[in-house]
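Novice: Spelled out, the chains give:
Protein chains: 2
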Amino acid sequence: MKTKATSLDIAYQAGVSQSTVSRALRNSPLVNEETRKKVQALAKELNYKVDKNASNLRSQHTGTLALLLFEDPTSDDSMINPFFLSMLGCITRAAAKNGYDLLVSFQQLSEDWHADYEDASKADGLILLGYGDYVDYEAKLKQLSEQETHFVRYGSIEKGQTGISFGCDNFKGGYDMTQHLIKQGHKSFAFLGGADEHCPEFFERYKGHCQAVKEVNLTVNPNNQIDAISTEGSGYAAANQLLAQSELPDAIFCASDMIAVGALTAFQDKKIKVPEQVALAGFDDISVAHLTSPKLTTMQQNTKLAADILVESLIKKIHNQEIDSGLIPAKLIVRESCSR
Amino acid sequence: MKTKATSLDIAYQAGVSQSTVSRALRNSPLVNEETRKKVQALAKELNYKVDKNASNLRSQHTGTLALLLFEDPTSDDSMINPFFLSMLGCITRAAAKNGYDLLVSFQQLSEDWHADYEDASKADGLILLGYGDYVDYEAKLKQLSEQETHFVRYGSIEKGQTGISFGCDNFKGGYDMTQHLIKQGHKSFAFLGGADEHCPEFFERYKGHCQAVKEVNLTVNPNNQIDAISTEGSGYAAANQLLAQSELPDAIFCASDMIAVGALTAFQDKKIKVPEQVALAGFDDISVAHLTSPKLTTMQQNTKLAADILVESLIKKIHNQEIDSGLIPAKLIVRESCSR
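Chains A and B, in that order, are what the protein sequence lines are. Residue 115 in the numbering used here sits at position 43 of the first sequence; the count goes up by one each step and never skips. Residue 116 in the numbering used here sits at position 44 of the second sequence; the count goes up by one each step and never skips.
It cannot be assumed that every hint is accurate.
Which copy is meant is left open, so a pair is good if it fits within one copy or across any two.
Cross-link-like lysine-lysine pairs, in silico, DSS-like; alpha carbons within 30 Å at most [to be verified]:
#1 Lys367 with Lys343
#2 Lys342 with Lys367
#3 Lys110 with Lys169
#4 Lys169 with Lys109
#5 Lys343 with Lys259
#6 Lys403 with Lys367
#7 Lys389 with Lys109
#8 Lys389 with Lys110
#9 Lys403 with Lys345
#10 Lys388 with Lys109
#11 Lys388 with Lys110
#12 Lys367 with Lys345
Read the hints as simulated data drawn from the structure, not as lab findings.
With these hints in hand, go ahead and build the complete structure from the sequences.
Specialist: Below you can see the structure in the form of structure tokens.
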């Protein structure tokens with residue numbers, strides 16, 4: 073006799089699949105009440121406990137990686153932010169290239185996603201992708217780590233963070249773009265994008281921007297930092313707010329290309345010429361950046377590289393190889409929107 | 073004693089998960105040789121046969137839908153065609169909205185994907201998405217249908233096709249766009265895009281175009297149909313081929329926005345003004361279409377609606393409700409690139 077009951081024992085005795093057992097034990101509404109009660113009764117009878125440390129299932133190969141997308145406050149109900157969408161496409165590709173299927177699941181930061189995959193034979197490991205506050209998040213990362221779930225994360229990287237994270241070198245990106253603007257002869261600046269701990273990636277870009285401005289003894293005007301989330305509409309509104317409150321600066325650095333695209337439309341509506349009257353820079357190099365008129369100068373996040381790194385690192389982790397967190401450099405792409 | 077062995081019996085006796093059994097029986101390289109041999113021996117011993125008609129597993133809820141993306145000849149190794157990417161994003165959203173995870177898997181048309189999901193408790197149903205020739209494909213759809221796998225398909229719709237398909241009303245889309253061009257006063261035309269059975273969706277758009285041209289007693293010049301696949305590079309090349317071989321027509325109808333974007337760049341390089349010297353129309357309304365200069369007039373495929381229909385129809389099918397194939401109308405979006 074086995075020393076310890078597994079979800080497979082319950083599945084076998086209940087005559088249902090392992091994933092049904094997993095769902096039934098989590099009171100999932102997808103399992104009907106009768107089955108749920110049967111499974112739960114069997115679990116009790118067999119003294120079944122989810123083994124968080126060394127599930128025999130977790131060591132199996134499902135051939136599947138799970139991508140957990142966290143609800144992005146910047147996207148509406150029907151849209152995925154273009155940067156995320158590009159990451160989704162590249163991660164799908166990278167998983168396929170490495171022989172894995174990809175299970176994509178939308179999550180709310182508040183949900184119990186950290187418990188959801190622990191015992192299930194759903195996936196060999198998790199990729200976490202999403203913006204947002206990491207207050208709740210951090211506790212869940214700790215739990216994932218304690219239960220020895222294999223996971224990697226893409227986003228902002230902060231000291232003391234749990235687990236392995238990859239992310240863009242946002243500080244350096246903001247710094248490099250601002251140096252480029254300064255070299256073009258621009259002396260006064262605005263920054264469109266949220267710049268506090270609630271949007272840590274934009275905040276890092278802003279810090280890099282400020283550093284570069286201060287290094288050449290120019291002035292950062294805090295009134296010229298205007299909050300915006302990564303949508304065209306928000307960029308449009310932020311540009312108009314800037315126009316209403318102050319003189320046009322030489323150059324505007326937008327925390328994302330979507331913000332820049334919205335700002336560009338605002339300037340076109342007001343017959344303000346880019347780059348003749350104001351330089352406009354973005355961040356991300358989403359697919360539209362080379363198609364706007366003027367073509368957008370931006371910092372490129374290499375989503376294909378990031379996806380390859382995430383997938384290959386996770387696979388190493390699954391095979392118990394050591395991996396380290398790391399920053400991925402952004403690359404200055406000079407087009408037309410910032411020249412004097 | 074049970075009358076018939078299931079994959080659960082094998083999993084239980086071999087001490088592995090069901091998905092490992094499924095993979096082992098398919099000789100997947102993800103299962104080590106020892107396990108594979110053990111599973112295969114047990115399957116033989118238990119006289120296990122994949123039950124294609126009424127797998128007890130298929131009636132279980134995995135809470136997962138599988139999206140099979142077929143390799144698109146128009147995309148390179150690193151990119152997903154923007155229309156597909158938008159569908160991927162919208163299907164992910166639609167699945168989440170309906171309480172399902174989405175398993176995304178890239179497939180080659182030649183692979184045994186039709187057998188891959190039949191016995192596995194991987195997903196409750198399949199969404200098939202992809203361009204291409206349907207010669208091989210059709211036989212596999214038949215097999216899916218015979219084994220009672222729940223599936224829906226997005227793509228071209230042809231008479232006698234197996235299973236439930238949804239797709240854009242490409243003929244009507246091509247017809248409507250051409251009527252618009254005619255109303256703008258244009259009298260001579262070119263069509264950039266493949267127009268034969270190897271690209272059935274473009275072909276339907278071309279047929280609709282020809283119908284509209286003929287109805288008003290204008291001439292279709294077959295030399296002005298130039299093959300292109302849905303990439304900027306191919307559109308650029310096709311536009312240059314057109315310029316090299318004949319006089320500029322009044323209007324160019326591109327089979328996709330990507331082709332139109334490439335053609336636009338070709339005209340900009342040659343200092344040919346759109347729409348003053350030539351009108352340019354696209355198809356799809358991908359996210360860049362409203363950002364080009366001039367903004368692109370196009371036929372919009374509503375990817376959000378298509379994704380909702382695919383996901384909701386598949387869920388109905390899973391619950392044994394009747395569903396029918398259907399065409400989704402494309403919508404004319406008039407912007408700047410076709411006015412006289």
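Novice: Confirm or reject each hint.
Specialist: Hints, verified against the model:
For the homomeric pair lysine 367 and lysine 343, the shortest alpha-carbon distances inside one copy (17 Å) and between copies (17 Å) are both at most 30 Å. For the homomeric pair lysine 342 and lysine 367, the shortest alpha-carbon distances inside one copy (19 Å) and between copies (18 Å) are both at most 30 Å. Taking the shortest Cα distances, lysine 110 and lysine 169 sit within 30 Å of each other only across copies (28 Å), while inside one copy they are farther apart (41 Å). Taking CA atoms no more than 30 Å apart as the test, lysine 169 paired with lysine 109 passes between copies only; the shortest distance there is 26 Å, against 41 Å inside one copy.
Proximity of lysine 343 and lysine 259 under a CA criterion of 30 Å is satisfied intra-copy only: 22 Å inside one chain copy versus 35 Å between copies. Both within a single protomer and between protomers do lysine 403 and lysine 367 lie at most 30 Å apart by alpha-carbon distance, with minima of 16 Å and 28 Å respectively. Proximity of lysine 389 and lysine 109 under a CA criterion of 30 Å is satisfied inter-copy only: 27 Å between copies versus 36 Å inside one chain copy. In this assembly of identical chains, the alpha carbons of lysine 389 and lysine 110 lie at most 30 Å apart only when taken from different copies (27 Å versus 36 Å within one copy).
Proximity of lysine 403 and lysine 345 under a CA criterion of 30 Å is satisfied intra-copy only: 26 Å inside one chain copy versus 33 Å between copies. When the C-alpha separation of lysine 388 and lysine 109 is checked against a cutoff of 30 Å, the pair qualifies only between copies, where the shortest distance is 26 Å, while the shortest distance within a copy is 39 Å. Taking the closest pair of Cα atoms, lysine 388 and lysine 110 come within 30 Å of each other only across two copies (27 Å); inside a single copy the shortest separation is 39 Å, beyond that limit. Both within a single protomer and between protomers do lysine 367 and lysine 345 lie at most 30 Å apart by alpha-carbon distance, with minima of 13 Å and 18 Å respectively.
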